[in-house]
Structures are given as structure tokens and as C-alpha cells.
Amino acid sequence: MLFHINPSSGVPIYAQIELQVKNAIAAGAVKEGHALPSVRKLAAELRINPTTTARAYQNLERDGVITTIPGGGTYVAANVPRFLKSEKLRRLQPYAKQIAVEGVQLRLTDEDILKIVEEELAKLAERVGDRK
Amino acid sequence: MSELAIDTTDLAKTYAGVRAVGGINLTVPRGSIYGFLGRNGAGKTTTIKMLLGLVRPTTGSARVLGMDARSERVAILQRTAFVSEKKTLYSSMTPFELVRFSRGFYPAWSDSAVEKYARLFEIPMKQRFERLSNGNQTKVWLLLALCQGADLLILDEPTTALDPITVDQVMRVLAEDAPERGCTIFFSSHQLEEVERIAEYAGFIDHGKLLMEARLDDIKSEFRLITAAGSSLPAQTSSQVLSVDVEQDFYRYFVTRDAEGFAAALSRNGATVTSIANLGLREIFLQLIRKER
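Protein chains in written order, with our numbering: chain A, 1 to 132; chain X, 1001 to 1293.
Worth flagging that the hints you see were computed from the coordinates, not collected in a lab. This one's a predicted model, so the numbers in the text were calculated from it and none came from an experiment. Fair warning: there could be bad hints in the mix.
[Said to hold, decoys possible] To list a few chain X residues with every Cβ distance to chain A over 10 Å, as calculated: (1) S1092; (2) T1094; (3) L1098; (4) S1102; (5) R1128; (6) L1242; (7) V1246; (8) E1247; (9) L1266; (10) N1269; (11) Q1287.
[To be verified] Derived EDC-like pairs: lysine to aspartate or glutamate, alpha-carbon spacing no greater than 16 Å straight-line: (12) K41(A) - E1176(X); (13) K41(A) - E1180(X); (14) K1116(X) - E1176(X).
[As the list claims (entries may be wrong)] To spell it out: a stretch of chain X is covered by chain A in this simulated footprint if at least three of its residues, at any positions, have a beta carbon under 8 Å from a beta carbon of chain A; those stretches are: (15) 1183-1197; (16) 1272-1279.
The C-beta atom is built at its ideal place from N, Cα and C for all residues, glycine as well.
Extracted from the complex, chain A is given alone in its bound form (with noise of 0.2 Å):
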């Protein structure tokens, strides 16, 4: 898959690595047994520290997003993710925190705001449905 990073964000750039691998999962743009780029060489495409791509790849085994096969690569995992349900929640509740308070300030009523939230689940499954 191709990566795209942004090194003046603030968000630090594992934590971007990280996020577009998830996004290109739940899209199903990468399916499980997907082959990712080895931390060498992914340091070398985004001319980035490898310690960097490695703590990324870390992260995204530890959440069973990826599994590594010692000297034979890395690949999506089966049954991505394996998460506790509050343990999920817990990860969402600060995008929907920011979600709701963008909305309030723009004087969005609450049923615009839950939505477009919608709106946006429906294309996500949409494109899940293309690809199958």
C-alpha cells in the first residue's frame, strides 16, 4: 500500500502510519494476508527514521491489526481487529468529542450532526461492498 505522511502535523508520524493502515483496512482497500513494506524499506520510501515505522508496525501487531512472520514479512492479520467493545469505544469517544463540538460551535442541530456521521457510514459501506 502507499503511504502519505505529513512530518509538521503534530500528530506524530507513527501514529499517521498507524491510522492509514486501519482507514485502508476498514475501507477494504487491504484485505487480510495483504503484504505491507518491511520497516526498512518504508523508512527508506518516506525518508523517515526506522525506529519510527517500526514502532508503528509494534502498535499495529499489538492490536492485531498486522502480524509479522519473523524473516518473511508482514501482513494484514485475519479477524482484524480484536478489540474488547469498550476498548473500542474508548478509542472513538475523542473523534466523536470533536465531532460533537465542531457541530455545536457551527450551530449544527444534533439530528445534521448524528447525519452526517451516518452519511459517512454509508459510504465507507458502500465502498466495502464494491470491492467484495
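Following the hints, position chain X against chain A.
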């Protein structure tokens, strides 16, 4: 063997009563890439010269690759490649001759690396050094540094004269080749975007003082700029709050850790938190320097 490639203790240099470096303690882990950041005249080059034994510290000491920078200077220079900020070399020699001249000094010299980097950087190897453009002169320095097989690469403003394409090639080399050999890279730069990309650690120096030294990811995960509206909010600084700006009923806090907790406390005091922003290296740099004034 020491786990640190560079380790200084209260390293200081005073030139004719003027303090250039005022007692800094650097810790650079082996195998890491470390960005050394500061404004012009902050003390970066003087520090680097003390590490290499080229300038004698007024007080304090430095250990480089586990060796004392003053008494074991020659041994350090054999295992350390240095690209100076002033890129002068024997001006009538060609890069080809400079390579032939240099290779005898370094036991770990690699001829295949010469070929690789000469091709990659497109260096005119048969032209006299003085006739080369600034950019090509810098590339020759980098080539000579990269072929030494050094354990430590010290680069003082390595990319200043380079065009964006060459900077990109250099970044790739630093990201790929050096870490593979376990080589430590210590580089000073004004190019914050480069440092942000490639460095694992960063040290900020201003007026000869080390303002902060930390892992870049940690800095980015923790540092936040919080803007809040309210009246009579706290305005004192602490180890958590590095600076506070107040403009009428608006407060802006530069927070080093637990931004959520700090924001929650503000809210409990009746404040409206209008933003909690992540910071890029540029903003962190500016805030740290400003705080020091």
C-alpha cells in the same frame, strides 16, 4: 561499551569572556538519529567542535563513542565522520583525488560506497573542488563522510546548500544506509521539516543552554497549545505549563503533558476551552525559544 554515542557533562566554552556554550548535558543514544536545533549563534557549532576535540572546553567534559573528547581525540576522529558547516577542502584537488587521499586514513573505508554515492549524488569526480558549485561541494563532503564506515556521523547544517531533490536523496541515505550499519547520526539543522522526518531525538539549544532534549514522538504526543476563554484563569508557569499568553479574557497555554487534565481543570474553573492543538516542531521550537526570553 557505553550505550551512549555522545555524553557531555556541563560542557561549556567561553571565548574572551563571552559565553558561547554554557554548561550543557547531551545524551545521544547509540544507533539513533539526533537533531540538534538552535538559532544562528546558539552554540551548535561550538558544541560540535568540542565533541571532536577541535575546541577545548572551558569547563566540563564530553565522551564520544565512550572516549574522552580531549585525551582520546585521535581515536574518536578515526571512527567519526564530520561534515563541517564551512565546506572548504583542498581546493585544487578533484573529488576523485580527495577520495584517494582520504581512504588511507580510515580502516573501514568502503570503495563500493564511493561508487554508489558518486552516482547517486551525480558528483563530477574529475573536476577541481574549487570549480564545483556549493551544492556539489557539500555532496563531496557527504560522500567522503559516508564512505568512512564511521560509527558516528556528525553533520553541521548538512543540507543548507542543497536543492530539494538532493536533500531528498540525502534523507533517504540517512534513513536507510546509516541505521542499517548501526551508525549514530548527530546533525544540526534549521530545516525543521527534515529533523521532524528523520530524527528520533531532538535537542534544543539557545544562548548556549540546552532547553530540552527528548524523543520527538514523545514531545509530539504530549505538547499541546490550549486556548481558553474565561476570567481570572491561572496565569503562572510550571513544569507542566511552559508559557501563558493573556489577551483580555483569552488565555493560551503551552502545556508539556496531560493537556486533557489541564483543560478539564480549566473547565471546572468556569473557562470555555476553545482549542487543544497538536504542535509541529516549528511551533514547539518557537515556543521554547520564546519562553526562554
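Outside-interface status for V1246(X) - nearest CB in chain A farther than 10 Å: 22 Å, holds
Beyond 10 Å from each Cβ of chain A, as asserted for T1094(X): 30 Å, holds
Least C-beta distance between Q1287(X) and chain A, which was stated to exceed 10 Å: Fine: 12 Å to the nearest Cβ keeps Q1287(X) off the interface.
Stated coverage of the stretch 1183-1197 of chain X by chain A [criterion: 3+ residues, CB within 8 Å]: holds (count 4)
Least C-beta distance from L1098(X) to chain A larger than 10 Å: Answer for L1098(X): holds, closest chain A Cβ roughly 27 Å.
N1269(X) non-interfacial with respect to chain A [C-beta, more than 10 Å]: 19 Å, holds
Beyond 10 Å from each Cβ of chain A, as asserted for S1092(X): 35 Å, holds
Distance restraint between K41(A) and E1176(X), which requires alpha-carbon spacing of 16 Å or less: Satisfied, since the Cα-Cα distance of roughly 8 Å is no more than 16 Å.
Cβ separation check - L1266(X) to all of chain A, threshold 10 Å: Since the minimum Cβ distance to chain A is about 15 Å, L1266(X) lies beyond 10 Å and the statement holds.
Pairwise hint evaluation, E1180(X) against K41(A), where the allowed Cα distance is 16 Å at most: Given that 16 Å is the threshold and the Cα spacing comes to 11 Å, the pair holds.
Status of L1242(X), Cβ more than 10 Å from any chain A Cβ: 16 Å, holds
10 Å Cβ clearance of R1128(X) from chain A: 32 Å, holds
Hint compliance for this structure: no hint is broken.
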